[in-house]
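K.L.:
Chain A is fixed; fit chain B onto it per the hints.
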Amino acid sequence: MIANAPFFVVGLLFLGGLTAIFMEKNLVKIAIAISVISSSVNLFLVALGYRVGGTVPIHFLAGEGTRMVLPTPQAMTLTAIVIALATTALLLSLIMLVHRHYGTLDIDEIRRLRG
Amino acid sequence: MNWNAHLPALLLAVPLFGAFASPVLSPFGRTTRNALLAGLSFVTLLVSLLLMKSVLAGGTAVYVMGGESTGLALPLGMKLPIRIIMEVDAFSAFMAVCGTVASFAGALFSMNYMDKFTALGRFVSLYFLLTLGMLGMMITGDIFNFFVFLEIASIASIGLIAFWRDRPEAVEASFKYMLISQVSSMVFLIAAGALYGKYNALNMAAIGGLIKPGTMEKLALVFLVGTLAMKCGAFPLHMWLPDAYAEAPSGVSCLLVAVSQASLYGLMRVCFSLYGVNLGGAFIPWVIISMGLASMFFGVTMAVVQHEIKRLIGYHSVSQVGYMLLGLGVGMLVLTDARGMAEYGFTAIKGGMFHIFNYTMYKALLFLAAGAVYYATGKRDLNELGGLARRMPFTTGMFVIAAAAISGLPPFNGFVSKLLIYESVFAVHPALAVVALVTSVLTLASFVKVFQTAFLGPEKSSFTAVREVPAGMLFGMGVLTVAVLVATLFPSWTISNLVEPAAKALVDQAGYIGAVMGGGL
Numbered sequence: 000m001i002a003n004a005p006f007f008v009v010g011l012l013f014l015g016g017l018t019a020i021f022m023e024k025n026l027v028k029i030a031i032a033i034s035v036i037s038s039s040v041n042l043f044l045v046a047l048g049y050r051v052g053g054t055v056p057i058h059f060l061a062g063e064g065t066r067m068v069l070p071t072p073q074a075m076t077l078t079a080i081v082i083a084l085a086t087t088a089l090l091l092s093l094i095m096l097v098h099r100h101y102g103t104l105d106i107d108e109i110r111r112l113r114g
Numbered sequence: 000m001n002w003n004a005h006l007p008a009l010l011l012a013v014p015l016f017g018a019f020a021s022p023v024l025s026p027f028g029r030t031t032r033n034a035l036l037a038g039l040s041f042v043t044l045l046v047s048l049l050l051m052k053s054v055l056a057g058g059t060a061v062y063v064m065g066g067e068s069t070g071l072a073l074p075l076g077m078k079l080p081i082r083i084i085m086e087v088d089a090f091s092a093f094m095a096v097c098g099t100v101a102s103f104a105g106a107l108f109s110m111n112y113m114d115k116f117t118a119l120g121r122f123v124s125l126y127f128l129l130t131l132g133m134l135g136m137m138i139t140g141d142i143f144n145f146f147v148f149l150e151i152a153s154i155a156s157i158g159l160i161a162f163w164r165d166r167p168e169a170v171e172a173s174f175k176y177m178l179i180s181q182v183s184s185m186v187f188l189i190a191a192g193a194l195y196g197k198y199n200a201l202n203m204a205a206i207g208g209l210i211k212p213g214t215m216e217k218l219a220l221v222f223l224v225g226t227l228a229m230k231c232g233a234f235p236l237h238m239w240l241p242d243a244y245a246e247a248p249s250g251v252s253c254l255l256v257a258v259s260q261a262s263l264y265g266l267m268r269v270c271f272s273l274y275g276v277n278l279g280g281a282f283i284p285w286v287i288i289s290m291g292l293a294s295m296f297f298g299v300t301m302a303v304v305q306h307e308i309k310r311l312i313g314y315h316s317v318s319q320v321g322y323m324l325l326g327l328g329v330g331m332l333v334l335t336d337a338r339g340m341a342e343y344g345f346t347a348i349k350g351g352m353f354h355i356f357n358y359t360m361y362k363a364l365l366f367l368a369a370g371a372v373y374y375a376t377g378k379r380d381l382n383e384l385g386g387l388a389r390r391m392p393f394t395t396g397m398f399v400i401a402a403a404a405i406s407g408l409p410p411f412n413g414f415v416s417k418l419l420i421y422e423s424v425f426a427v428h429p430a431l432a433v434v435a436l437v438t439s440v441l442t443l444a445s446f447v448k449v450f451q452t453a454f455l456g457p458e459k460s461s462f463t464a465v466r467e468v469p470a471g472m473l474f475g476m477g478v479l480t481v482a483v484l485v486a487t488l489f490p491s492w493t494i495s496n497l498v499e500p501a502a503k504a505l506v507d508q509a510g511y512i513g514a515v516m517g518g519g520l
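Residue numbers (numbering that gives the first Met the number 0), protein chains in the order written: chain A, 0 to 114; chain B, 0 to 520.
Isolated chain A, as found in the complex (with noise of 0.2 Å):
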């Protein structure tokens, strides 16, 4: 049960960031809901390479332990967190472009595109 901790909290943020996503009306609040979103997606890809008692996966850096948590996962989550980053970035500055041509962030009023 303690094992699977990780991964509840894992679809509370996942399923916390979503409602964030749909109730917001604030694009900021958005934009931290979708960072919320993929830090739980980096967590689920850590915990899933978590192997009890495991030590680092680098053959000289070990030590004693022979059993070593999975490397892949945290070469995936590394690249993960640096496409977090550019998206972010890119929703930021989108963001303030809204703002620039619009003059509010309130999602309802920004609705040009529309049927």
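Where hints are given, some of them may not hold.
To be verified - If you only want the chain A side, here are some residues facing chain B, beta carbon under 8 Å, derived:
{"id": "1", "residue": "S37"}
{"id": "2", "residue": "L44"}
{"id": "3", "residue": "T78"}
{"id": "4", "residue": "I82"}
{"id": "5", "residue": "V97"}
To be verified - Computed cross-link-like contacts, BS3-like style, restricted to lysine-lysine with a CA-CA straight-line distance of at most 27 Å:
{"id": "6", "chain 1": "B", "residue 1": "K378", "chain 2": "B", "residue 2": "K175"}
{"id": "7", "chain 1": "A", "residue 1": "K24", "chain 2": "B", "residue 2": "K175"}
{"id": "8", "chain 1": "B", "residue 1": "K503", "chain 2": "B", "residue 2": "K52"}
{"id": "9", "chain 1": "B", "residue 1": "K115", "chain 2": "B", "residue 2": "K459"}
{"id": "10", "chain 1": "B", "residue 1": "K448", "chain 2": "B", "residue 2": "K378"}
{"id": "11", "chain 1": "B", "residue 1": "K175", "chain 2": "A", "residue 2": "K28"}
Don't read these hints as lab results, they were simulated from the structure.
Note that beta-carbon positions come from the ideal geometry of N, C-alpha and C, so glycine has one too.
P.N.:
Chain B only, in chain A's frame:
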């Protein structure tokens, strides 16, 4: 040195080089930049054609990045493939050819179209990145790399959709697309992680060989299908698509058409090659078929009432994607039923596949023609256009060809692929074919409207100064017109040489797995 073995890597290296050479080279002036854009797009097209040729002759190509030898997917003593692996079968190569033709045409078109704007160095850079992301999705053999290329493509397309950032609508469309694409790619990553946690592999062929039906697999499949359908613009979450296509510069809309096909490719790869016989019943195929029907019908009904030309064409994209989902979904339905597959399933897949080619060509051509109209007149509202046929004869001619092809008028290529879809889905249920036919009729109605209001009618006094667009734009449209005409005049040659090998590769799950995992081992 045998260049043929390195074609999959070259296909990605050429646009990647272009993306990073552009900021360095574009200060040298307009000619250098245009030469880079058109030249490297053409080289990419050549590479993809060579790749198609070598795959058709020599079978599925596997390329291992950073290994002792590029063909060594499974080093001695390993049970699972390691390193970054690209796997190019006939289906991937076919999609890559479609994508690079659209990319080349869009590049030629953009040379003149974007001329009066600044920051073109960045435009060229993002254009090549988008091409790279699209091609990467098509040829990678690894589900995590698929995610990475998906993100490269969405970041580049978000930048390009908002390229005219002084237009509020462009920024809004880009933001909308970004919300959808970010959430969907995160869900995709969860599914990839779940499969990794279960099978310790990220390679699609390796997972495909190990996969067993189970709860986790079903969950991952639902996540994968949902996100990829969202990214290719299928019905319930299609609203980003017309906005994004309409607001992007036309050369980019042309490439975006091909990029959404890359998501469709991913969807089919997941359903046919990753899950294949383990799809677990008829549920997922029927979901895909219903999404196809809904996209066709709602896309076209929304398109009929539009009066902005590119938005109208954008809504037609939703309905055209529906045809492919319908054809490929029917093929998926009979994947485990050999008799149904021989009778109608394979025809449906061929129809869907041929429609991918046709759709990419004529839809890209329609976007370019709409862009040419906007370039010449500065207007995008149909109510303000009229009588352009006298002033822009070449654009009009190419628009007519594309409109006839998308409406499925015989003898155009759109008719051939739609006919293949009608006659095969009829065997499953006549209602499917009825919806497809009604959609086709409404498509024709809507394009008759566009053609009549924009190009026919008396000449408007405000358009007396309108000239035919410059040569680069005409060449761009010409490339796509030639592709449409080739598929129109030689449908059986196209089907037997391009479409059929791709369709065979798609249904051959064992072949896809065997190419990496080494046959009967």
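K.L.:
Using the nearest Cβ pair, does T78(A) come within less than 8 Å of chain B?
P.N.:
Given a least distance of 6 Å, the restraint on T78(A) holds.
K.L.:
Could you check if V97(A) really has its C-beta closer than 8 Å to a C-beta on chain B?
P.N.:
Since chain B brings a Cβ to about 6 Å from V97(A), closer than 8 Å, the hint holds.
K.L.:
Does K378(B) lie within 27 Å of K448(B) when you go C-alpha to C-alpha?
P.N.:
OK: K448(B) and K378(B) at ~17 Å, within 27 Å.
K.L.:
Is K115(B) within 27 Å of K459(B), Cα to Cα?
P.N.:
Within the cut-off at roughly 25 Å; holds.
K.L.:
Would you check the hint for K503(B) and K52(B), treating anything up to 27 Å between C-alpha atoms as holding?
P.N.:
Satisfied, since the Cα-Cα distance of roughly 16 Å is no more than 27 Å.
K.L.:
Does the closest beta carbon of chain B sit nearer than 8 Å to the beta carbon of S37(A)?
P.N.:
6 Å, holds
K.L.:
Are K24(A) and K175(B) close enough, with their CA atoms no more than 27 Å apart?
P.N.:
14 Å, holds
K.L.:
Please check whether I82(A) passes as an interface residue: C-beta within 8 Å of a C-beta belonging to chain B.
P.N.:
Given a least distance of 5 Å, the restraint on I82(A) holds.
K.L.:
Hey, K378(B) versus K175(B), does the alpha-carbon distance stay inside 27 Å?
P.N.:
Holds - the C-alpha atoms of K175(B) and K378(B) are around 24 Å apart, at most 27 Å.
K.L.:
Can the hint on L44(A) be confirmed by a CB-to-CB distance to chain B that is less than 8 Å?
P.N.:
Where the cut-off is 8 Å and the nearest Cβ of chain B is about 5 Å from L44(A), the hint holds.
K.L.:
Check the hint pairing K175(B) with K28(A) against an upper bound of 27 Å on the C-alpha distance.
P.N.:
15 Å, holds
Figure legend: structure checked against the earlier numbered hints; every hint is met.
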